[in-house]
Amino acid sequence: MGMPFYVSPEQMMQDKAEYARKGISRGRSTVAMTYDKGILLLADNASTLNKISEIYDKIAFAGAGKYSEFENLRKAGIRHADMTGYVYSREDVTARSLANAYSQTIGSVFSQEMKPLEIEILVVEVGNSTEGNAIYRIQFDGSIHDERSFSVVGGKAEELTEAIKSRYSLTSLKGALKICLEALKEGNGQSTDPESFEVAVLDRSQQGRQFRRLKTKELAAHIKA
Amino acid sequence: MAPFQLNDPGSSFHDLLASQYPNLLLGRLDTKIVSMEKQSLLDTLPHGTTILALRYQDGVVICGDRRATEGYTISERRIEKVYKTDDTSAIAISGAAGPCIELTRLFQVELEHYEKLEGTLLSMEGKANKLAQMIKANLPMAMQGLVVVPIYAGYDLNRKTGRIFKYDVAGGRYEERAYYATGSGGRDAKGTLKRLYNSDLTAEEATRIALEAIYDAAESDVATGGPDMLRGIFPNVKVIDKKGVRDVPDDTVKTVYEEMIAQLRGK
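Residue numbers (our numbering), protein chains in the order written: chain A, 1 to 225; chain B, 1 to 267.
The hints are simulated quantities; they were obtained by calculation from the structure and are not laboratory data.
These numbers come from a predicted model, not from an experiment.
Be a bit skeptical, because a hint or two may be false.
[Said to hold, decoys possible] With a Cα cut of at most 20 angstroms, we get these calculated SDA-like pairs of lysine to any residue:
(1) K215/A x D87/B
(2) K215/A x T120/B
(3) K243/B x Q207/A
(4) K66/A x G119/B
(5) K215/A x K243/B
(6) K66/A x E118/B
(7) K215/A x G119/B
(8) K215/A x E118/B
(9) K194/B x S220/B
(10) K215/A x S220/B
(11) K84/B x Q206/A
(12) K22/A x E158/A
(13) K84/B x E91/A
(14) K243/B x K22/A
(15) K66/A x K84/B
(16) K84/B x K215/A
[Said to hold, decoys possible] Listing some non-contacts, in silico: residues in chain B with all C-beta distances to chain A over 12 angstroms:
(17) L106
(18) L122
(19) G126
(20) G171
(21) K194
(22) L201
(23) V222
(24) D228
(25) E258
(26) M260
Backbone N, C-alpha and C define an ideal beta-carbon position, used for all residues, glycine too.
Please model the entire structure based on the sequences and the hints provided.
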C-alpha cells in the first residue's frame, strides 16, 4: 500500500480553477446588453445547438464553455422556474432566486467533485424599466456577480468587456447590436456575418412571454440599415 | 418547494411532477380521505356545463357557458371554462370545477415546458395525446366522482387545418371532424349544431352558431348559463386559426345575442 498523497486545499482549488478557466477560454463568447426596451443576448454561435434560451416570462439564460454542462444547467433552470410558477404564481419566478440556485449548485460541484464545471453562465431578467433589469453572471466556482448595463462570458471575455465599455451607452436595439458587433470585431477580430450569431431579446413591450429570437433575416436587416 | 434538479427527468412537466412531486398531481391524492357519500360530495362541488367546438373554413371556434352549480344552487355566474393553452390551441372544460381548472393549469405549463426544453413545439397530435394521458392519470379521482372531461381544439400547423378532440373519463381520445358539444347541456347544444352546421362557415358564422347552441342548451339545462344581459355576463368564445388564438370580445357576443333575441321576438 502506497502512502496517501497530501495536497493542500489551496493547491487543489487553484488547480481546479485553472482547469476550468482553461476550458472556458477555449470557447466563444456571449454578451448580454441592456437596450432601451429590454435586454439583448448575442452569442458568437453559428450552430443550431443553442447557447441562449428562454427560461420564463421575463428571464433568459446564456451559457459559455462546455455545451453538455451548461445545457444541463439550462434545463435545470427551466424546471426550477416552471415548478415555482406552477406551485405559486408566474410573478413569483425571479432571476435572483434562480441565480442563487445556480450559484449553489455550481459552487458545490466545484468544491466537492473531482472535475469542476467548465462553464460560465448569465441569468438575465427584464424589468418594467431599465433600472429594473437584472444581469447575473455566475462563474465555474459558483461566484455570482450582479452586473449593470452589460456582461460578457466565455473566451476572450476580458478583451470584449474592454471593447464594449469604451462604446456603451443606453441605445436602441439596433444601436446595441452595432456596439456588440463592433466590439467582437475589435476584441476577437471577428467577421460580422449575421449567420454566425445567435441573437435573442427580452422585450418588455411584449405581452406575456417576453423572450424572442431574432432570425438571421431580421438580424441582417438590423445590421445593414 | 421547487428544489434544483440536475439529473434529467425528461421534457414533460407532468412526468416531472409524477416522479418527483406526486402529491402535486391530480388523481394522486389519498383517495381514502373521501369519506362522504359520492352523491353528497358532488352536490357540494361546482359542476355542470355546456362546452362546444366547431370547425370552420380557416380553423376552429371553441365556446363555453359561464355557470357553475352545486346541486340546485348556482355557485358561480362568471366562471371561465375556455382557456388558451398555447399560441394555437385552447381547452374547454366540463366536470368538477376544481380538478378541471387544475388540469388546465398543468396542461398549459406542460406545453410551455416542453417548448422551452426542446426548443420546438409539440405537434397538435402530440398535445392531444399528452392530454389523454393526463386525464387517464386522473381516473382514481374520476371514480370518486371528480370527473374531468375537456374538449381540446386548435389549429394544426403541420396539417394546416383546425382540429377538435373529445375525451372520456378513462383518457379515451377521439377526433371530431365537424363539431362536438358536451356537459350537462351538451345534448341540446349538439342538436343546434347539427341543424345549423355546414363545412363552409366563416369565423363570424361559426361564432354565431356556437352562441346559439349555448343559448338553446341554457333554455333546457338548469346547469348551463345563457347570456346574462342584466349583469353583462356572456359565454366565452375563442377563434383559433393559423395566426393564433383570439377572444371574441363581450361586446360582439352581446350584439349577436341582441340580434338573435330580436329575431325570436319577431317570430
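The hints, checked one at a time:
no. : hint            : in the structure
1   : K215/A x D87/B  : holds, 19 angstroms
2   : K215/A x T120/B : holds, 15 angstroms
3   : K243/B x Q207/A : holds, 16 angstroms
4   : K66/A x G119/B  : holds, 19 angstroms
5   : K215/A x K243/B : holds, 19 angstroms
6   : K66/A x E118/B  : holds, 19 angstroms
7   : K215/A x G119/B : holds, 14 angstroms
8   : K215/A x E118/B : holds, 18 angstroms
9   : K194/B x S220/B : holds, 17 angstroms
10  : K215/A x S220/B : violated, 53 angstroms
11  : K84/B x Q206/A  : holds, 17 angstroms
12  : K22/A x E158/A  : holds, 14 angstroms
13  : K84/B x E91/A   : holds, 19 angstroms
14  : K243/B x K22/A  : violated, 48 angstroms
15  : K66/A x K84/B   : violated, 38 angstroms
16  : K84/B x K215/A  : violated, 26 angstroms
17  : L106            : violated, 7 angstroms
18  : L122            : holds, 15 angstroms
19  : G126            : holds, 18 angstroms
20  : G171            : holds, 22 angstroms
21  : K194            : holds, 37 angstroms
22  : L201            : holds, 29 angstroms
23  : V222            : holds, 34 angstroms
24  : D228            : holds, 29 angstroms
25  : E258            : holds, 31 angstroms
26  : M260            : holds, 33 angstroms
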